[in-house]
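Student: Chain A is fixed; fit chain B onto it per the hints.
Heads up: the sequence lines are chains A and B, in that order. Just so you know, we're using my numbering here: the first sequence kicks off at 4 and counts up by one. Just so you know, we're using my numbering here: the second sequence kicks off at 515 and counts up by one.
Simulated from the structure, these hints should not be mistaken for lab results. Being a predicted model, the structure only gives us computed values, none of them experimental. Some hints could be false.
Claimed, not checked - Listed below are the simulated DSS-like cross-link pairs for lysine-lysine, each with C-alpha atoms no more than 30 Å apart in a straight line:
id, chain 1, residue 1, chain 2, residue 2
1, A, Lys381, A, Lys465
2, A, Lys379, B, Lys537
3, B, Lys537, A, Lys381
What the hints assert, rightly or not - Here are the in silico distance ranges between beta carbons for each label pair:
id, chain 1, residue 1, chain 2, residue 2, range
4, B, Gln600, A, Ser22, 21 to 29 Å
5, B, Thr522, A, Leu180, 22 to 30 Å
6, B, Thr571, A, Ser275, 44 to 52 Å
7, B, Gln600, A, Leu168, 36 to 44 Å
8, A, Leu57, B, Thr571, 21 to 29 Å
9, B, Pro539, A, Ala83, 25 to 33 Å
10, A, Glu385, B, Thr571, 57 to 65 Å
11, A, Glu385, B, Gln600, 21 to 29 Å
12, B, Gln600, A, Ser306, 37 to 45 Å
13, B, Pro539, A, Gly300, 39 to 47 Å
14, B, Thr522, A, Pro391, 49 to 57 Å
Yeah, the Cβ is synthetic: ideal placement off N, Cα and C, and Gly gets one too.
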Amino acid sequence: MSETLTQALVNLAYVVAASLFIFGLKLLSHPRTAVRGNLLGASGMLLAIVVTLLDRHIVGFELIIAGFVIGGAIGATLAARIPMTAMPQLVALFNGFGGAASAVVAGAALIDPTLQPEVAPGVREITLQFSIATVFSGLIGAVTFWGSLVAFGKLQGLITEKPVLLPGRHAINLLLLLGSLALGALLVGAPQEFWLYWAVVAAASLLGVLLVIPIGGADMPVVISLLNSYSGLAAAATGFVLNNNALIISGSLVGAAGLILTNLMCKAMNRSLPNVLFGGVGAVVATAQEQEDIYAGKVKATSPEEVAMLLEGARRVVFVPGYGMAVAQAQYAARDLYQLLESKGIEVEFAIHPVAGRMPGHMNVLLAEVDIPYDKLKGLEESNALFPQTDVVIVVGANDVVNPMARDVNDPSNPIAGMPILEVDKAKTVVVIKRSLSPGFAGIPNPLFAADNTLMLFADAKQALTEIVAALKES
Amino acid sequence: MDFITALTIFVLAMFAGFEVITKVPPILHTPLMSGANAISGITIIGAILAAGTKYTTLSMVLGFLAVVFATINVVGGFAVTHRMLQMFQGRRRG
Numbered sequence: 004m005s006e007t008l009t010q011a012l013v014n015l016a017y018v019v020a021a022s023l024f025i026f027g028l029k030l031l032s033h034p035r036t037a038v039r040g041n042l043l044g045a046s047g048m049l050l051a052i053v054v055t056l057l058d059r060h061i062v063g064f065e066l067i068i069a070g071f072v073i074g075g076a077i078g079a080t081l082a083a084r085i086p087m088t089a090m091p092q093l094v095a096l097f098n099g100f101g102g103a104a105s106a107v108v109a110g111a112a113l114i115d116p117t118l119q120p121e122v123a124p125g126v127r128e129i130t131l132q133f134s135i136a137t138v139f140s141g142l143i144g145a146v147t148f149w150g151s152l153v154a155f156g157k158l159q160g161l162i163t164e165k166p167v168l169l170p171g172r173h174a175i176n177l178l179l180l181l182g183s184l185a186l187g188a189l190l191v192g193a194p195q196e197f198w199l200y201w202a203v204v205a206a207a208s209l210l211g212v213l214l215v216i217p218i219g220g221a222d223m224p225v226v227i228s229l230l231n232s233y234s235g236l237a238a239a240a241t242g243f244v245l246n247n248n249a250l251i252i253s254g255s256l257v258g259a260a261g262l263i264l265t266n267l268m269c270k271a272m273n274r275s276l277p278n279v280l281f282g283g284v285g286a287v288v289a290t291a292q293e294q295e296d297i298y299a300g301k302v303k304a305t306s307p308e309e310v311a312m313l314l315e316g317a318r319r320v321v322f323v324p325g326y327g328m329a330v331a332q333a334q335y336a337a338r339d340l341y342q343l344l345e346s347k348g349i350e351v352e353f354a355i356h357p358v359a360g361r362m363p364g365h366m367n368v369l370l371a372e373v374d375i376p377y378d379k380l381k382g383l384e385e386s387n388a389l390f391p392q393t394d395v396v397i398v399v400g401a402n403d404v405v406n407p408m409a410r411d412v413n414d415p416s417n418p419i420a421g422m423p424i425l426e427v428d429k430a431k432t433v434v435v436i437k438r439s440l441s442p443g444f445a446g447i448p449n450p451l452f453a454a455d456n457t458l459m460l461f462a463d464a465k466q467a468l469t470e471i472v473a474a475l476k477e478s
Numbered sequence: 515m516d517f518i519t520a521l522t523i524f525v526l527a528m529f530a531g532f533e534v535i536t537k538v539p540p541i542l543h544t545p546l547m548s549g550a551n552a553i554s555g556i557t558i559i560g561a562i563l564a565a566g567t568k569y570t571t572l573s574m575v576l577g578f579l580a581v582v583f584a585t586i587n588v589v590g591g592f593a594v595t596h597r598m599l600q601m602f603q604g605r606r607r608g
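Isolated chain A (complex conformation) (with noise of 0.2 Å):
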């Protein structure tokens, strides 16, 4: 077959890929379509990978079937052995991972002519195009590296997850950016000094691991969304230097499911962006006195059999899930109670807050994980709805996204003035599982624990709910 003929078939190949993937996250939309999304995506990417394998510039297969072989294991175990409550931190990996490998491509692509845009048949050569594209290539790659590592090692507790503000943070990260695209623009000029290259990186490095380290454990939710798109830019990057199709449509693909998923979750708490990123939110943590003013004589405290009580006499029960029933393992725990419920024709639904857990959806995946039907999980808008004509709510280790101090949007020192809330005080009976009066992320205390509708229950969720479950039981 003649090479012009062979590269359209590649080239038609790649563009079968492309369709699988946007076809794949089309059926992503629905559970019951999206097993198949993923599987069609999976098989786009096993073409893509299997034409590229035909390429006859390859001269030997050992590295890149060791490199299958290792890689392979390496994911293949993550993905089996990742316990559900971790996998904001598997995903922070992974796209960490993909940021590295477009960055290191673009760094081979810079020594290994094979790779440089033809410009005549026969004649490679590093255009302006592809040493720009090497740059933005390596300046998000890394990024996305160190990013994604320092929110694996948050989310992981191998470091605070609390916001480390350093002074003049904003001058050293803006210090760095200018840094690295300066060294950029001298490898445009001067392609054939690698090391500049490295300098790129190893600026964007750091830079990564600053943009990172200021921001807390709660805005995880919109980390992620952002480093996953990044980790989309940078693929994208790559099809510029290599003047692939795939990888530009691909990495543009996921450049765009990020970027939504990061407006969503800034939305869902009111916030812009730049906040989020650079506010250092979370920092300030409430003063006793300020608890005390709010606390003070209103809390009442509730025992597990007294919620089997009241339980036994409500039609509708709703469980507000947060970060803490996945800190404590309470999922199967709630999964016993929900079932115990629906068995006395009690309603049940779970009201999920966009930013509740770590990541988008994290809560969803570990009600999914227990066995929780997806209709019984309700979004924001469906569960506030219906909290009026709610017997009982259950706040399993869920805070900020219920604080009705939210609705107080004159005050400007409220860091979650104007975020939407799960009306939980609304319903008749709010019960909150909770080991102390500790505030939230925010930092903030929250009047819901003093509302006359409001019951806590000192104690750690799981066992918690255990509890209720044992009580009701006996009843």
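Tutor: Below, chain B alone, put in the same frame as chain A:
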């Protein structure tokens, strides 16, 4: 392919992405993210070329590293997404 063609493809794919992904409901946001993440592993095709052409030792090392990173991303990403989505699918009896 000239730069403008490549840019056109990039921008149009972005729009396609926005159209398709906006319809994904919040309950599937985690699998969406990990699935999209696996797709960003498409950079593996660049990695394969870099590792296979064996131009210099450095380019071989870089290529090999890139294949490892990208394979973790692709295999792990699709596998973990599959694992999550099966949990959602199996619950219809509820």
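Student: It remains to establish, for every hint, whether it holds in the given structure.
Tutor: Evaluated hints:
For the suggested pair Lys381(A) and Lys465(A), the alpha carbons sit about 22 Å apart, so the restraint of at most 30 Å is met. With a C-alpha separation of about 19 Å, the suggested pair Lys379(A) and Lys537(B) falls inside the 30 Å cut-off, and the hint holds. Restraint check: the Cα-Cα separation between Lys537(B) and Lys381(A) comes to about 16 Å, which is no more than 30 Å; the hinted pair holds. At about 25 Å, the beta-carbon gap between Gln600(B) and Ser22(A) stays in the expected band of 21 to 29 Å.
Taken as a hint, the range 22 to 30 Å holds for the pair Thr522(B) and Leu180(A), whose Cβ atoms sit roughly 28 Å apart. For the pair Thr571(B) and Ser275(A), the supplied restraint of 44 to 52 Å holds, since their beta-carbon distance comes to about 47 Å. Distance hint for Gln600(B) and Leu168(A): a CB-CB separation of about 42 Å, consistent with the stated range 36 to 44 Å. Our hint of 21 to 29 Å for Leu57(A) and Thr571(B) holds, since their Cβ atoms are close to 25 Å apart.
For the pair Pro539(B) and Ala83(A), the supplied restraint of 25 to 33 Å holds, since their beta-carbon distance comes to about 26 Å. Distance hint check: the CB atoms of Glu385(A) and Thr571(B) are about 59 Å apart, consistent with the given range 57 to 65 Å. As the Cβ distance of Glu385(A) to Gln600(B) is approximately 25 Å, the hint placing it in 21 to 29 Å holds. Look at Gln600(B) against Ser306(A): about 39 Å separates their beta carbons, and that is inside 37 to 45 Å.
Checked against the hint of 39 to 47 Å, the pair Pro539(B) and Gly300(A) passes, with Cβ atoms roughly 43 Å apart. In this structure the hint that Thr522(B) and Pro391(A) lie 49 to 57 Å apart at CB holds, the actual value being about 51 Å.
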